[in-house]
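We have chain U; now place chain H onto it with these hints.
Protein chains: 2
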Amino acid sequence: MYSRKHMVAAARGDEPMDWLIRGVNLVNVFTAEVYKADIGVKDDRFAAVAPYQEGLPSFAMSGKQEINGEGKYAVPGLIDCHVHIESTMIPPDMFARAVLRHGTTVAVIDPHEIGNVMGTEGVEYMVHASKNLPVEILTTIPSCVPAVPGMETAGAEFYPEDIEKMLKLPNVVGIAEVMDYVGVINQNPRMAGIVEKGLQAGVRNEGHLPRVYGSDLAAYLTAGVDTDHECRSTDEILEKLRAGMLVYIRESSISQFADIAAEAWQEVPHATNIAMCTDDVEPSDMLKNGQMNRVVRRCIEEGIPAPLAIRYASLNGAIRFGLRDRGAIAAGFRADFSLVDSLETMEVQDVFVAGKQQVKSGILQADITSNVPPLLRNTVDIPALTETDMVIQAPVPTGQVKLQTMEFLKNGTTAKGVLTVEVEDGQIASLPDDYAFTSVIGRHGQGRQPFVGVLKNSGLHQGAYATTVAHDSHNLVVTGTNATDMLLAVEQIKQAGGGLCLVENGEVRELLELPLAGLMSPEPIESMAKKVEQFSTTARSMGVQVGRRSPAMAFSSLTLTVIPEIRISDLGLVDVATQAFLPLFIEA
Amino acid sequence: MYSRKHMVAAARGDEPMDWLIRGVNLVNVFTAEVYKADIGVKDDRFAAVAPYQEGLPSFAMSGKQEINGEGKYAVPGLIDCHVHIESTMIPPDMFARAVLRHGTTVAVIDPHEIGNVMGTEGVEYMVHASKNLPVEILTTIPSCVPAVPGMETAGAEFYPEDIEKMLKLPNVVGIAEVMDYVGVINQNPRMAGIVEKGLQAGVRNEGHLPRVYGSDLAAYLTAGVDTDHECRSTDEILEKLRAGMLVYIRESSISQFADIAAEAWQEVPHATNIAMCTDDVEPSDMLKNGQMNRVVRRCIEEGIPAPLAIRYASLNGAIRFGLRDRGAIAAGFRADFSLVDSLETMEVQDVFVAGKQQVKSGILQADITSNVPPLLRNTVDIPALTETDMVIQAPVPTGQVKLQTMEFLKNGTTAKGVLTVEVEDGQIASLPDDYAFTSVIGRHGQGRQPFVGVLKNSGLHQGAYATTVAHDSHNLVVTGTNATDMLLAVEQIKQAGGGLCLVENGEVRELLELPLAGLMSPEPIESMAKKVEQFSTTARSMGVQVGRRSPAMAFSSLTLTVIPEIRISDLGLVDVATQAFLPLFIEA
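Residue numbers (the numbering used here), protein chains in the order written: chain U, 262 to 849; chain H, 262 to 849.
Honestly, the hints are just simulated from the structure, not real lab data. Computed from a predicted structure; not experimentally measured. One should not assume that every hint holds.
Copies of the same chain look alike in the list, so a pair counts if it works inside one copy or between any two.
Straight line, CA to CA, 27 Å or less: simulated BS3-like cross-link-like pairs of lysine-lysine [as the list claims (entries may be wrong)]:
#1 Lys717 - Lys663
#2 Lys297 - Lys325
#3 Lys621 - Lys325
#4 Lys791 - Lys621
Next up, chain U with everything else stripped away, as it sits in the complex (with noise of 0.2 Å):
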């Protein structure tokens, strides 16, 4: 820790800065302003910003090292209010690697996946890796594991008194999205006992409340938890502003609505509970489009004055989470700032954190690593399996049934269906063209055998596809046409411990690797995108189509009891809008 002695005799005039920025255009947060200023960093804050006056700044300072900030723009560390590491498939070391050069400098995560499948290890996994890297990374805690208890399994449950050991974990600040509304709303035990370890515990309850509106927006809010980043309309987006909700904008790479929350701005334009997240961030799509920078700039794009965006994306998320001198390019505040070229663009060029610089000209200055090695722990426990286990086990010896099937929408919702089919030698083990077996293997120890569906659209014209990477229980998914290509991938996936594999007529086309929980690789963003890719591009080549995200991400929502019409999980098919189990056979 450095004493404010030196700092302040820096802002006197009587030590230089160590870094002093001349001539740059301030993004000033406080006042909404963005004006020309000499901007003194000393150890690691930032020690004093002198606003220029007729082209000359208002006092004098000298710095060890200066930049010459002609023509760009000052800009400070942008917080991310809510993110799952685990969407850009790497652990937090790599991911701090990969959003500081986007100009992010605090980021609050959701250890939702890791937690679904390794519990409270893998919650405090992610908490340690966190630690001591030059993005802060805060945690919250899942709330909702298993997401919708009873029709999944997930590697672990949370009660409220696991949720209360865990908010004691270093660096944690609350608990994260409660989904699980209606719980909160009619108070059941588990989810209003969690919400109530939040409130004792003096942390934030973060929210996740997709198009409720009303009372049932009331209630919740009553309950005690008060942000959401799920809004689809800018009149969902009003009526939370004015019920004192903290709305974040969300960018992801699944869903935005920087245009929404630009028209709702419109009409408050002094609304002051607004900050941003970017949720869910591909690794691809962040080598393409940013991070916390995208947000920022779609926001501009649509109309937002820059430094309120920019408030937004700093200051408003600082207060959120306590952090006093974070937010602001300001004397006394921690110097976390980025120089960009443009605010349209947000391209950022430098990053300074804690008053480091880390990011010069694009490029990390240092190597980052977390002292908290990767836990590659096999995570992938699933039953010895035959190609019996891959096909569907008939109620009747021969003849016809009628199936329950599910269908992907282009949408990417999905709807139900029914499919008659010809049993042979009591069982099902082909399927007409557009059809393929998915087959949920539960991958948590639960040592069932696997529940096997149908599902209309995938795409797939032959072979398998086999992920670990499956909202929010993340068990093992495959799909496939055939029982031969779906136990090799299912085989290929159990030895890598998780991750994607594509197996065609015998043959692995793909396998990438997610050692981590089955869901992450300890490596770069850079390698991490481009297996992805690849990922994707042979997927699609075998006919993988999908709604709205990528074909690496294809099947990795079709477990998602939560979204509309009918899901799969271990357990069954899932009639979402009643949350009730549906029978594969439809009888005549």
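Frame of chain U, contents of chain H only:
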């Protein structure tokens, strides 16, 4: 403590609200809007707010008790970010009674005056006497006791270790206005140490930084002190807002700046770092003009839109002091609010705190008293005095001498002057008209005979005026034309344990007893206001004229050794600019 269960049930509509305010104009401080809504209160919280659409609430609620809010405005409980209760001359419970009727529900106090008199004991008394009142009183620990060490003697001296101890008292949220900014900027060990204690404890370091700009402002901020309520010009406000300082708009009995704040606001209407305070409000001023509602009213008068002015007076203060569920009318927030007839007058009709109606049509609904009895130990500890102590002992037995004098100016400041007088019998026992003796008697057990100086323009033509309210050390100050009256006034105050006294021709004209530290009296504001008014009337009739404050406070700032140009302390005449003592006798 209430559980959330019933509140959430009420929000859902499954239970009635305790209170339902129908069709009121809601001041929404989040979005800075005013619109019609129903407001439901259950237990201690707002459980739901239903805005009107096309003349109807967006959802229906019922209430055990209902209030017709038509034509009224619902305003969040106001938060006073910096106030000295002692200036209202009544203890915390009486203060709570008084401010509640003006819609103030949280007050962050600085017991600086009693701290100067009674040290830690005084601060502890204020903390404990402030507990469990309907107004939530939070304490900041006085940072500058005495205000100017070495130039005056107070009843205590606070060093970093003392501050550290007091920070552990209940409901302490910060270190109070760090007035010795020179000490902070130069990092002198005492002031740097005190600020450091605040940083270490994670509390708020509150500032006081009149007319300080540029690199000195940066140094103060970098040192870790980041609020100010002492701006004197629009440019000063703008510079501080841009520097990231939280500016409190102050309307006190002594100094007001809503006008310049509104001018600054015009320039930076999106500024986020503005809150409000009252600092010092004298009893009759509060009765006439209000308290926090007066600050809001003045800002609205000067052109700040009402919902923004109210945001500064509520939500922004709550954020400053980490009060996460205060400062807004929104589901989940504590139900602290007022109903006012108009935003222009801010006349408060009804006040609710934590869901309980405390004020109804301007009338307090329950008696408010502290469990802690007033601290009535006599603090007037002065040496035995004779008339000789009240006049000036000359260095020569006879002849003329030149005296350094103080001269009251109309604007409340002072100027240096010179007076040539005749010495008789080694004494100066009488003065020309327009001049009076002013004696400062250490009343904190210093055991020294008083220092006597000469004041021009006191207005007193005869008699004497004595007071124990004498900022900041609150020694006993007596101003008079003759030793007999002066001594009588002093004796009266000594017996009363402090207060204000007027004596004329050997007769006590007024004695306003302030037995609580010589600063306060345990009585309602109404009776205190009456006494102060009467004292002022009599003082005025005796000729007392003052620049900016009431006759009752005429001599209370004569000892304020930080306001130009010359002041007096128990140790001598102080040259404010150089912070050096001036000899009373000027060499010829």
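inquiry  = Reference check for the pair lysine 297 and lysine 325, CA-CA at most 27 Å: within, between, both, or neither?
reply    = within (21 Å within a copy, 58 Å between copies)
ask   = When no copy is specified for lysine 717 and lysine 663, does a C-alpha distance of 27 Å or less occur within a copy, between copies, both, or neither?
value = Within one copy only: 14 Å inside a chain, 107 Å across chains, cut-off 27 Å.
ask   = Within a copy, between copies, both or neither: where do lysine 621 and lysine 325 come within 27 Å Cα-Cα?
value = Intra 17 Å, inter 64 Å, cutoff 27 Å: intra-copy only.
ask   = Between lysine 791 and lysine 621, at a C-alpha cutoff of 27 Å, which is it: within one copy, between copies, both, or neither?
value = within (24 Å within a copy, 69 Å between copies)
In this structure, every one of the numbered hints holds.
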